[in-house]
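Student: Hey, can you work out the whole structure from these sequences and the hints?
Those protein sequences? They're chains A and B, same order as listed. So that you can map any letter, position 14 of the first sequence is 14 in this note's numbering, and since no number is skipped, the others follow by simple counting. Numbering-wise, this note's numbering comes out as the position in the second sequence, counting from 1, plus 116.
A hint or two may mislead.
[To be verified] Okay, the calculated bits of chain A under chain B, using three or more residues with CB under 8 Å as the criterion: (1) 25 to 31; (2) 37 to 51; (3) 92 to 102.
[As the list claims (entries may be wrong)] Capping the alpha-carbon separation at 20 Å, the derived lysine to any residue pairs in SDA-like fashion look like this: (4) 79/A to 802/B; (5) 780/B to 758/B; (6) 70/A to 132/B; (7) 70/A to 129/B; (8) 796/B to 931/B.
Hints in this document: simulated from the structure, not taken from any laboratory. Since the structure is predicted, the reported quantities are computational estimates derived from the model, not experimental observations. Think of the CB as a built atom: it goes at the ideal place given N, C-alpha and C, for glycine as much as any other residue.
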Amino acid sequence: MSTRDDEERLELLQGTLDLLILRTLIFGAQHGQGIARAIQQTSDEELLVEHGALYPALQRLEERGWVSAKWGVSSNNRKARFYSLTSAGRKQLGKETTKWKRLAAAIGRVLDPEEI
Amino acid sequence: MFRRKRTSGDFSAEIQTHIEIETERLQELGLSFEEARTNAFRAFGNVTRAQERFYERSRWMAWENLQQDVRYALRMLRKSPGFAHIAVLTIALGIGATTAIFSVVDATLLHPLPYPHPERLVSVEDDLVGLGAKDVGMSEAEWQDLQHSGIFDYVSPTWYDENNLTGSSQPTRVSLLIVAPNYFALLGVKPQLGRAFNPEDHSPGLLPEVIISDGLWKRGFGSDPHILDESLRLDTDLYRIVGVMPAGFQNPGRLISERNIEAWVPTSFYGTPMPAHPPRNRRNLPTAIARLKPGLTLATAQSHMDALVANLQKQYPSDYPLQNAWTVRLLPLKQRVVGNVRQSLILLLGAVGLVLLIGCVNVANLLLARASARHREMAVRQALGASRKRLVAQLLTENLLLSCGGGIAGLTILAGTKQFLLRLVPESLPRTNEVAINWGVLLFAMLVTLLAGLVFGVAPALHGGRPELTDALKEAARGATGSGAQARTRRMLVRSEFALSLVLMVAAGLLLRSFWDLLQVRPGFNPEDVTLLRTRLPDPNNPKTDLYGTTAQKAPFFREVLRRVGKLPGVEEAALGDTASIPLDRSQQDLKLISEGRFFVMIEGREVQSNEPTVVERSSVTPNYFHLLGIPLLRGRPFNEFDNDTAPPVAVVNEAFARTYWPKQNPIGKRFKQTRADSKWINIVGVIADARTESLAEATVPQIYLDIYQTGAKRLAIFLRGRLDAAAIPGEVSGQVHSVDPTLPVFDAQRLNETVSSSLAERRFSMEMVGLFALTALLLAGLGIYGVISYLVLERTHEIGIRRALGAQSPTILRMVLRQGLGLALSGAAVGLVAALIVSRLMAGLLYGVRPSDPLTFAAITVLLLFVALLASWIPARRAIRVDPMVALRYE
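Tutor: Rendered as C-alpha cells:
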C-alpha cells in the first residue's frame, strides 16, 4: 500500500515519463513493474505513475531503439520482460537530462526571481 | 513495413506479469490477496485501454482494418448486385472511353517521335512573309548554306514523288521520297537489311541506289532475304536496292501519303535530271528536315538562323528582295507531323472526361441513395463504438473498390475492342500506328480510376459516416429516408450533372451544325456519277530517253486514252487533268507545289505587287473538264483544239481570281505569267464560276486552269461521268491505258463522292465522337434527375398523402413534382450555359459557318435538356399522383 493518497501526488508532465524510464534503466535491466516501483520510490512517492501508461511508453522507446527488451526471470522467479538501455538510449538520456535541467532551472527563475 | 513486431498475446502476458508481481509486493506489505490484487489493478489503470493503445500503435492495425473493410465491402456489394453492376458499368464505360482517347493523345501528342534524340529534330520552313506565302520550300543553294551554317548536324530536303515500278507482271505506282544522302543518318535509323546511304556522297544527279520499305519488300518481293543488290526499275531507270527499312518505319511527314513512303532515293539536288546548279531564288526543294547540333536549343538555333538569313539577304540582294521578307522558321518536327489535330484531340479528351465526370456524379447519387438506406446500419455501428473515422474509411473503401472494379472492367473492354476502335479513327490522323496501351496509358487509367473513386466516393462517405444518432432514430420513427444535408447534396449533384451535360451537348451541337452546314454547302461542282482513276507517265532521269518529254509527245497519249475510255460501256463523258485538278483531294493537297499546283503569278502591267496574294492554285485540264464536273462557264470560251503547244498559252480562271486582280473589269484578254524569267505570258480566255474544289469550308480560292495540251502534265487523273460498275471499271480503264502504253500503272479508282466525303473524315470523326459522348451524358443526366425526383417523391409520400387527403387535385401534385425537377434542371442549365459559352469560344477553330455563341444551338440544346428533365421527372410524378392518401398516412 502506498504511503500517500493518490490525490496528493503530482501528475507527470507530458513527455517526462520517457525521461524517467531511461533514467531508471541506467542501473541495469528492469521489468515494467520494477520500473514503476523505482520511479515511485526514488521520487519519494511524489510522482503518480499510472502503471498502465508505462507500457505504451516502453513500446514507444523500444520502437525508437532507445531500449531493448527480452524475456527473463525475475528475482521472485517469474517470467518477465526485461528492458535495458541501448547506447542510443544512453545518449538520448544525456540530451534529455540536460534539456530538462535547463527547463526546470528556467521555470524556477521565473517563479522565484529573488532567490537567485 | 507490415511485419508485426510483437503479438498482442505477448503484450498481454507482460501486463499479466506486472499485475502478479505488484500483487505479490503488496501482499508482502501485509495486504490480503484480494486487496492486493484490487490495488494492483487500480495502480495499473485501465488494462483494456493499455492493450488497445498498444494495438493501435502497431502499424499492423491499418492493414487489418483495410482487409476487414475490403472483405466487408465485397460482402456488401455482393448483397446488392444490381447496384454494384450499374455503378461498375458506368465507371467502366467512363474509364474505358477516357483511356481510349488518352491512348490516342498519348501516341500523337505526348510521345516523342520514334527516332533517337527526337528533341533535336526540326522541320525547316521558308516563308515569304511579304508575299503572304508560307512554307514555300528552299533552293539548293540555301540548303548548302544551312548545311554549313554550324547550326545543324544534318539538313535533308525531302521531295515526295510517285514513280512507276515496272518489271514485274503489273506496273504499279510506288510512293517515293527523294532525300539527301544524309537522310537516314539524320533520323538516326538503320535498315533492317543492308545499309543506309552514305551521308558524304555528293555526286550529281540521283544516285542509283534505293532503300525500300518493309511493305514494298513484302508486297513486291515476298520478303526475299537476298534482295540486296537486286535492281528496281523506277520510271524506266534502274536502281540498286541497298537496304530494307524495318516495319513500322515512317517518314515524318504531314500527310498520310508522305508518311507511307515505299522507296527512298538519295540525291544532292543538283545535276541531271535537276538543273546543274539552280539559281538561288528557285525554290524547288519543297520540304526539309534537320537535326540540330547537340546542346542547341530551338530558340538559340532560331536566333542563329535569323542571323544567317539577314546575312544572306545582304549578300544576295537581288535574290532576296527585302519586300519579300524571307524568313526561315525552325519548328519541332513533331509539330509538323501532328499538324492541326491537336485541337480536335484535346476537345475529344475534354468531352470524354466530362462524360466520366457525369458518370461519377451519377454513381455518387446512387451511393447517396444507398447511404440513406444504410442510415440505420451506420447508426447502429456508431452506437456500438465505431469511430467516425472508421465509418468513413469503410465507406471510402467500398467506393474505391467500385472504382477499381470499374477501372479493371473498363481496361478489359478497351483491350478487347481495341482493334475495332482503331478502325473508327480516320486514316489521316497521324501516328495512329503508334497507339498502344503502354505503361503510361495504364498509369493514366489507374490515376483516373483513383480520382473517379474519390470524386464519386468522398461526399457519400462523409455523409454516410456522420449518422446523427438521434436524427437517425427520429427519422426512422417517421419512416423517412434521408437527412436534409443529403438531399441538398444530391440536388447539387444533379445540377452539376445538367451543367456538364449542357456544355457537352452544346459542343456536340456546334460541331454537328458545322458539319451539317458543310454537307449543305453547294460545292459548285457536281460529284454525282463521276469516277476518277489515276495514272502517271514515267519521268526518266535522262531526258533524252523520256518518251513523254515534250508536250507534243504527251498529246497523242492524252487523245488516245480519252478516245478509248470514252467508248467504255456506260461512260458518257471523259476528261483528263493533272492531280491538282482532282477536287477536294486531301491526300495530295499539300504536295501540289512539287511539280504542279501552287503557282506564283505576276500580272501584266503590275509587275511590282504589294499586298495581294500572289500564290494561286493551278491545274491543267482537258477542255471538257468543266462540263464534266458541271462548273458553268460565265464568260469567254473554254479551251479548244487549237490551244496546243504551238499556240500562245491560254487560261481559264475562276471568278475569285478575276475579282482579285481585275475587280469590276472584264478579265478576258488580260495576261499573267509565272514569276520566272523564262515563262511566257498567259492569256485569259474564259472565266468559270467559283467551285469549292480546294476545300468545302473555303468559298473563294483564286484558281487558274491551264490547257493540259499546252502544259503537258505527267501525274494524271482520268475523270469519267456515267453510271459505272465500280468493280469492273478499274480493270476496263487499265486495259485501255495499257493498250496505249503497257508500262503505266492505273490506280486509286474512286468515286468523286467518296473523295468529297473523305475530305470531311476528320471533322466527321470529331463530330461523331463528341456526339456520342454528348448522348451518353444526356442519358446519364436524365437518369440522375429521375433518381433524385423519385427519391424526393418517396420522401414526400407522407406530405403528398396529406395534401391529397386535404383535397389537392392530381394536376396540382403533378405540377408540384414537375416544378421541382424543372427547377433543378434550370438552375443546372444556367451554370452550364455560362460554361458552354467559354468552352465554345475555345473550339472556334473547329467550327464552320456557325458562331461559337450560336443562339439557335444554345437555345435548342437547352430546350432539349429541359425536355429530358421533364420526361425524367414525369415518371416519378405519375407515381406521386397515384399515392393513396390512406397508405401514405398509415406510414405514421
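Student: Examine the region 25 to 31 of chain A for residues whose CB is less than 8 Å from any CB of chain B, and state whether their number is three or more.
Tutor: It is violated: at least three residues are needed, and the region 25 to 31 of chain A offers just 1 whose Cβ sits closer than 8 Å to chain B.
Student: Has the given pair, residue 70/A with residue 132/B, been kept, meaning a C-alpha gap of at most 20 Å?
Tutor: holds (16 Å)
Student: For the region 37 to 51 of chain A, do at least 3 residues have a Cβ located nearer than 8 Å to some Cβ of chain B?
Tutor: Held - the region 37 to 51 of chain A has 3 residues with a Cβ nearer than 8 Å to chain B, which meets the minimum of three.
Student: Given the hint that residue 780/B pairs with residue 758/B, does the C-alpha gap stay at or below 20 Å?
Tutor: This hinted pair is violated, its Cα atoms lying about 29 Å apart.
Student: Hey, residue 796/B versus residue 931/B, does the alpha-carbon distance stay inside 20 Å?
Tutor: Violated, at roughly 81 Å.
Student: Are there three or more residues in the region 92 to 102 of chain A whose C-beta lies within less than 8 Å of some C-beta in chain B?
Tutor: This one is violated; 0 residues, fewer than the three required, reach chain B with a Cβ under 8 Å.
Student: Within a Cα-Cα threshold of 20 Å, do residue 79/A and residue 802/B meet the stated pairing?
Tutor: violated (116 Å)
Student: Is residue 70/A close enough to residue 129/B, meaning Cα to Cα at most 20 Å?
Tutor: holds (13 Å)
Checked against the numbered hints listed earlier, the structure breaks hints 1, 3, 4, 5, 8; every other hint is satisfied.
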